[in-house]
Every structure is written in structure tokens, then in C-alpha cells.
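Asker: Work from the hints to combine the two standalone chains into their complex.
Chains as they are written, first to last, in my numbering: chain A, 1 to 222; chain B, 1 to 282.
Keep in mind the hints are simulated off the structure, nothing from the lab. Watch out, some of these pointers could steer you wrong.
Unchecked claim - Pairwise CB distance ranges (calculated):
hint, chain 1, residue 1, chain 2, residue 2, range
1, A, Gly148, B, Arg149, 46 to 54 Å
2, A, Arg63, B, Pro90, 50 to 58 Å
3, B, Arg149, A, Tyr9, 54 to 62 Å
4, A, Ile214, B, Arg145, 21 to 29 Å
5, A, Thr35, B, Gly50, 48 to 56 Å
6, B, Ala154, A, Ser86, 52 to 60 Å
7, B, Ala154, A, Gly134, 46 to 54 Å
8, B, Arg64, A, Pro50, 39 to 47 Å
By construction, the Cβ of each residue, glycine as well, lies at the ideal position given by its N, Cα and C atoms.
Chain residues, written in single-letter form:
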Amino acid sequence: MQEVIFTIYESLPYILGGCLVTLACVSVALLIGLTLGVPLAVGQVYGAAPLRFFISTYVWFFRGCPLLVQLYIFFYGIFWPLFELSALASSCIVLGLTSAAYQSQIFRGAIEAIPQGQLKAARALGLRDSNGIGFIVLPQAMRLAIPGWSNEFSILLKDSALIYLLGASDTMARIHQMATTTNMHFAFSLLAGVIYFVITLVGLKLLRGLEQKIHIPGYQKA
Amino acid sequence: MHNENQFQATDSPAELAPAEATAAKSLSEEAAASRRDPALAAVNISKSIGSRLILDNVSVSLARGELKVVIGPSGAGKSTFLQCINGLIPPDTGQVFLEGQSLNMRNKHELRLFRQQVGMIFQDFNLFDHLTALDNVAIALRKVRGMSRQDSEARAMSELERVGLANRARLYPAELSGGQTQRVAFARALAMDPKVLLLDEPTSALDPELVGEVLEVIRYLAKGGMTMLMATHQMDFARALAHEILFMEHGRVIESGSPAELLAAGSGTRTLDFCSRLDLEL
Ligand SMILES: Nc1ncnc2c1ncn2[C@@H]1O[C@H](COP(=O)(O)OP(=O)(O)OP(=O)(O)O)[C@@H](O)[C@H]1O
Ligand SMILES: [Mg+2]
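Extracted from the complex, chain B is given alone in its bound form (with noise of 0.2 Å):
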């Protein structure tokens, strides 16, 4: 969006000079590449552990504000998937791109751009225990992106503002509920100003009446347009929001299409079979 603002503003390419409209020219492609390349994309990611193999040539790929959700049961290698994607667990082959942009998961200094770039949540929220809800959001500002005590603390705050906690931001994770507690991860992964979100499982560590409140918050997300990659058991909200399901088992993506393809009653897919076996265990 950016981009084109820019380009509206300056003069048209045809009043300038040879050099100066093909730099122009170029600038618009890679504008219009970025928009034409997913956002995120994990190209035949495959990881054996021992002698198992954990994923099988996984594939996703996520347009910009897509959001995507993994299913499938216990062991399927949905978090191992996720943390493939941003070299958590290292896959064994596989590539990943970034807006286009190939990850060399080698160059730590990339991985680490990289990470900065795509956030993650994870299951049983890994909120830094020895931190204040505040120092949870703010450390990584100061320690990634330099920023001074002062600065951080004020963009930590209106992070937790944004998921309702600022009156929690003194207390620390011991002292917050399971709801609470995975509200100030996503707001320590919003404050790096992620372009993709990786969720692992958001709400499965939660007491029932404490989901809600984290569904919230990514429904709010989904809405204003962040990109996100979700393993969930949530149906119901996956049905509503996401754009496309893969349902994994056995390491790989066995089935994937549009929620209305593959949730339609008699449509006779695993993935519709699964999920009714989930409602009757709830």
C-alpha cells in the first residue's frame, strides 16, 4: 500500500528521464512481485528425528492477510511443522521464503531477521516467568531492536492495551490466568511488528472459559489483515475465519481446500470425519 502512494505522488514514468523511469519501472515490478508473492511460503519441508520421519515434503503457502489453519491428531507433526517454518527445529530439507525472499536457515544472522519478521505463539505460552508482563513485551525490543528502557515500555504498554492487560503489566506470568497469560505473548509477538504469525495450538492449554478471550484476540488479528499459519482443534472458529484447511496425519498434509469444501456434511473427507470425532469427545 505504501508503495503505491509513493508512486501516485511523483510524476508519471513517462515525464522522466530514460535512467530515472526504468529505476521506477523496476521498483513498481518489485512492488507488484511483493503483492503477487505469498507472504510466506514452506516448500516440501521434510524432518525425520532418529529414524522416524516427522514430516513428509510439507507444503503451505500463505497470501498476504490469509489466514491458515492445520488440523489433525495428536502426533501429526503440526507443531513440528511450525517450528520447521522459522528453524526452531531445524528441517532437514525444505525451503522457506519470506515475501518472496528465500531463508538460508544456515546464516544465523537471516534466521534471526527472520524471526523478527514472522512471530510465533506458542501452546503453553513460554511467557518469560522470571519477567513482568510489561519486561515480557519490552525485552525483545530492547535486546533485538536496541530500543532504550523508556521507549520500549511505552510500545510494550500500548501492546497490552491492545489486548486489554495494560492494568496487568506489573504482575508476573505466576500471577496472571491461562487467558491472561497467552494475551501477553501476542502482544510480546505483535510488538516486533510481525508479517506472519505461526500459532501453535493458542488455546489447547486453556481452562474452557478462558479460550474465548484468546480467540478474541486472533479474531481482532484475522481482521485487520495479519497473515497467520494456526494448528488448532478450535472447528467451529476455523470454519468461520480461515481461508483454507490442511489436515495433516503421519507427517503429511493429506487433505487441504476451503472450509466449506471439506467441513460440508456428506462431502465424506477425513478431514469431516475427524472433526466429528472431536465434537463427541467434547
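Here chain A stands alone, though its shape is the one from the complex (with noise of 0.2 Å):
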């Protein structure tokens, strides 16, 4: 037992290394989904329709297929033969992709739940729809939007869990190289799940509170 806990307090440095690399991956991935999945939902709510086609395959795509697939297809047919980008590089970008298909549905939900009549009184005054949308109707939607995107974020993280099959050295990958280096596979397992437990949990409570800071006063409490 005391030789366990020894290892594992030995190797501690090296996989809180691969935290970084894991929350390194994660927050770009996440930025990337909504940088893209805001736009994604705008489309699909207002845009025309040869655009909302374009978006709902891209959604279909993303979410009809198994990300394990996806991270194998983008970076062995895409990226590393043609840009020689990294496991990591190319994890963010399809961990990014997939993500930005989900965060549009749950901001495509939040904006449709946004009473009709706010973007109506905002034309009314003689607002551009791209004013409306963005001043009007947005703010109030990615308030709403907010619980959502915190179970996006705890699927994500643990989704990433998947990228050291590329090679990406994260959590994960250095979990399992101790593991069987050490042939302590139920140890390192063990830490592992406190390891993502832990992020998910500081993860949401920050979440839950930039909820909080940015409720609207006298709103009806989500």
C-alpha cells in the first residue's frame, strides 16, 4: 500500500503535466465550438435555406459519428499527411469541430426560446437584423444557454480522454503509460476518475457562477 501511494505521489508531477496538456485541449476546443457554434445556430435559426442544409449536415456529420472515427479520419487522412500537424494540434481542432456541432443545437435552442416578439420590437425600431440578433436577442439566449454549455464542457473534457490514441501525451496517455510501466492499473485508474472528477467539478462551479454574475435581476431563477 505505501509503495502504491510512494508511485504514485513519485509520478504526480508528470501527469498533472498531462492535465495541462488535457485542460490546454479542452479550453481550445471548447473556444472553437463556440466561436463556431454561435454562428452555426444564427444560421440555422435565420438564415436561407441552402444555409441551414449546410449547417444541419455539418451537425449531422459531426454528431452521427463516433469521435474515436473522426480524430482517426482528420488527423491520418487530413492533417498530419498534409499539414504535419501535431496528435494535440489536430485532437483540439476535431474535439473543436465536434463541439461547435453540439454548441450550435444548445445555443439553437436557447435563441429559439427567446420570445419572437424581442426581435420584432427590435426591428421595429428600425434595428438591422444583424443588430437584433446581436444585441437583442443573443445576450438573453447565451444567458439561457449557459447550463447547457456546462454539460458540454463535462462531456467534452471527458471525451478528450480519447485523444492519446492519436499519441497526444494528456491525462490519459501518461495515466496509462504509469500503469503499465508499473503494472498498477487499478491505482492509476483510480486517480485518473478523482483526476477528471475534480476538473469537471471546478469547471462547473465556475460555471454556475458566471451564471449567477450575469443573471438578469428580477428574472425568473433558471
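Answerer: Now the structure itself:
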């Protein structure tokens, strides 16, 4: 028992380094997902038919295909042979593109939950649609979307455990390596579980705090 | 009014050179025409949704300073008609004129300019829920008029003062009563200096004890000469202030006339019949 604890203690700096890789990858992916997901959602709600078709095709592709398959297809088919992108960079992009598909659906739902009268009132004042959407609809929709977005964060964090299969040196890769070299599979699996749990917990607490911070006074509690 | 004063200040046309005289003449013709032209006219507006005809050749014309009231049973098409006028619902056919100028709704720029001059008040207020009362009024001044934050807030504050809500400026819509919310909506519309207001049952969503404060604002605007087209069920108000009542049913205006004509006891109009049933319900 002591030996196990000591081994884990010894390996902690190495494994926590992997946590940083995981965090970086998930942050970049969430950011890509956010910057693509919002316009995708706006396009899907307000866009013309061809645009809506393109967007729903995009969404269906990423939702309909296992993440691991996507990671392999993009890494071995495009990113590595054409651009010599590293496993980590490729993973960030693939996770980001997938997350964009899911996030777009979170934002679409939130936009559709905003009463139509809001955009109508903006239009009736002579605002451009871009301003009405950007300054009236989205600020309300983004607030509504935070709980769903938190969910997406926790799912993406755990999905990111797959990227070690491309050779990225994330938390899971280092756990796996330590587990095999020391033959302490159970202990290191447990450690991995604790690490992912703690990151999820902290992330969700932060998002919950954000939600409360930008809560609209007097508005019905979410 | 402005134009006339300017004209009196200049020399009389006879003393001007011929070219200037014609220019002055055409200007004064324009001024005369704009006095003759209705402030707002909607002509033969029709609208189908799916296979249902919701509006069937509905027309209205408002002289400057006129208040006309649209009444009719639920589903008659009152809201649809009002929203067809400013293109929130695009009409299938028909034309809209602002001070004699035809509006091409397909031209987005033209439509936005039109909407800046024709304010709208909604039944369920539609204040921007994430903005304070002050920002609700100020945002269009910034985004449409390009005013600075400071100027827009000063103007918004004076509009809130006009509706008696300066002390509520920092509150959010969810923190206001229904009557206050609707009054902020009036301030928001008035801040754009509209030539005409379209009002869609502005008091229908209010508790009875809050109706009065909103009617007070409309009365004040009517006295000030605001041109208004209002859908309402407030018959006493219509009787007292409307220049004309349009009675709508099944997407058509089936009766129109002054309140005195339509609501005279024993006149036997559909309007009178409808109103007496309204009174029974109340
Ligand atoms: N988006 C829509 N799709 C289908 N039918 C609609 C739509 N909007 C309105 N209608 C129909 O058009 C008709 C007119 O509706 P409208 O809201 O203009 O009536 P209204 O006179 O304003 O009624 P109310 O007094 O209840 O406000 C109604 O029969 C309604 O069912
Ligand atoms: Mg209506």
C-alpha cells in the first residue's frame, strides 16, 4: 500500500503535466466550438434554406460519427499527411469541430426560447437584423445556454480522454503509461477518475458562478 | 409648421428672380402636398398564411394628428394588419405610404427608415428583458441613430421623465409592473421621434387597475397631436378620443365611421352590437 502511494506521489508531476495538456486541449476545443457554434446556430435559425441545409448536414456528420473515428479520419487523412499537424493540435481541432456541432444545437435551442417579440421590437425600432440578433437576442440566449453549455464542457472534458489514442500526451496517456510500467492499473485508474472529477467539479462551479453573475435582476431563476 | 414660418421669413415670391421663384413655389407646393397627404396610408393590404386569407384588402388613412381605432373580435386580423403596415409581417399585396411617399418593403434600408419614423407599441410590451429601462430606451438611439452613450442616456432619461418613470430608469423589465413596463415601451418608441404610432392593444395584457396609467400616456400623446392607429377593446376611450373607428371581422373592415355614428344608441351597427357584448363580458 505504501509503495503504491509512494509511486503515485512520485508520478504526480508527470501526470499533472498531462492535466495541463488536457486542459489546454479542452479549452481550445471549447473556444473553437463557441466561435463556430454561435454563428452556426444563428444561421440555422435565421439563415436561408441552403445555409440551413449546409449547417444541419455539418451537425449530422459530427453527431452521427463516433469521436474516435473522427479523430482517426482527420488526423491520418488530412491533418498529418497534408499539414504535418501534431496529434495534440489535430485533436484540438477535431474536438472543436465536434463541439461546434453540439454547441450550435445548444445555442439554437436557446435562441428559439427567446420570445419572437424581442426581435420584432428591435426591428420595429429600425434596428438592422444583425444588431437585433447581436444586441438583443444573443445576450439573452447566451445566458439561457449556460446550463447546457456546462454540460457540453463536462462531456468534452471526458471525451478528450480519447486523444491519447492518436499519441497526444494528455492525462490519460500518462496514466496509461504509468499504469503499464508499474503494473498498478487499479490505482492509476482511480487517480485518473479523481483528476477528471475534480476538473469537472471546478469547471462547473466556475460556470455556475458566471451564470449567477450575469443573471438578469428580477428575472425568473434559471 | 416649420416650413410655413421659414417662408414668411423670406422675401415674397414676386420679388425673387424667376428661377428662385419656381424653386420657392415647388417647395411651397411640397409643403402644401405634405399637408394634404395623409401622414400614413395603407391601401388594400392583403395577407394569406397558408391557404387562409387573414387580411382581405384592408385600407386605412390617417391625417396628421388623427387617432383611429381598430376594433373587432379576437382573430379578426387586427395585429396582423398593424404588423403588415411596418413590414414585421410582409403583406402579400397592398401599398403603404408615409406622408405621400410610397414604401418599398423589399428595400431593407427603406424599410428601416420607415420603421424609425413609425413607432410600434405591442400588446405584451416586448421590452428587452436583459436591459434596464434606461437602456431599453437608449439602445436604438445608439444603434440606429449612432448617438453616443452619454447623449443617448440623456435623451432616454428625458423620455422616461415624460412617462413619469425617471426614478425607475435603472430597473430591469422584470422588476417593473405591467403598467410601468408599457410606459417604458412608450418612452422607447417616442425617443425615435416617430411621426406615427401603431398600437396593438396596448392595455390588453394589463391588470385592470394598471390600464389607466397607460391610457393616460396615450391621451397625452393624442392631445399633443400624435398620429396614431390603435387596436383596442377600450371602448370608452375610443368613444372619447378616436376620430374614426374601424370595425374588423374575418380580415375585413366591415364598418367604419366616427364613434358618434357607429356607437349611437339604436344605430343597429355591428360595432354597437360587438361593444354591447364586450360590456356584458366586463
Ligand atoms: N403565424 C400564423 N400562422 C397561422 N395563422 C396565423 C398566424 N398569425 C395569425 N394567424 C391567424 O390570423 C388571424 C388573425 O390573427 P390576429 O392576431 O391578427 O388577430 P387579432 O385581431 O389581433 O386578434 P386578438 O384580438 O386575439 O389579438 C387569426 O385567425 C390567427 O389564427
Ligand atoms: Mg392581436
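Asker: May I ask which of the numbered hints given earlier this structure violates, with the numbers listed in increasing order?
Answerer: 1, 2, 5 and 7
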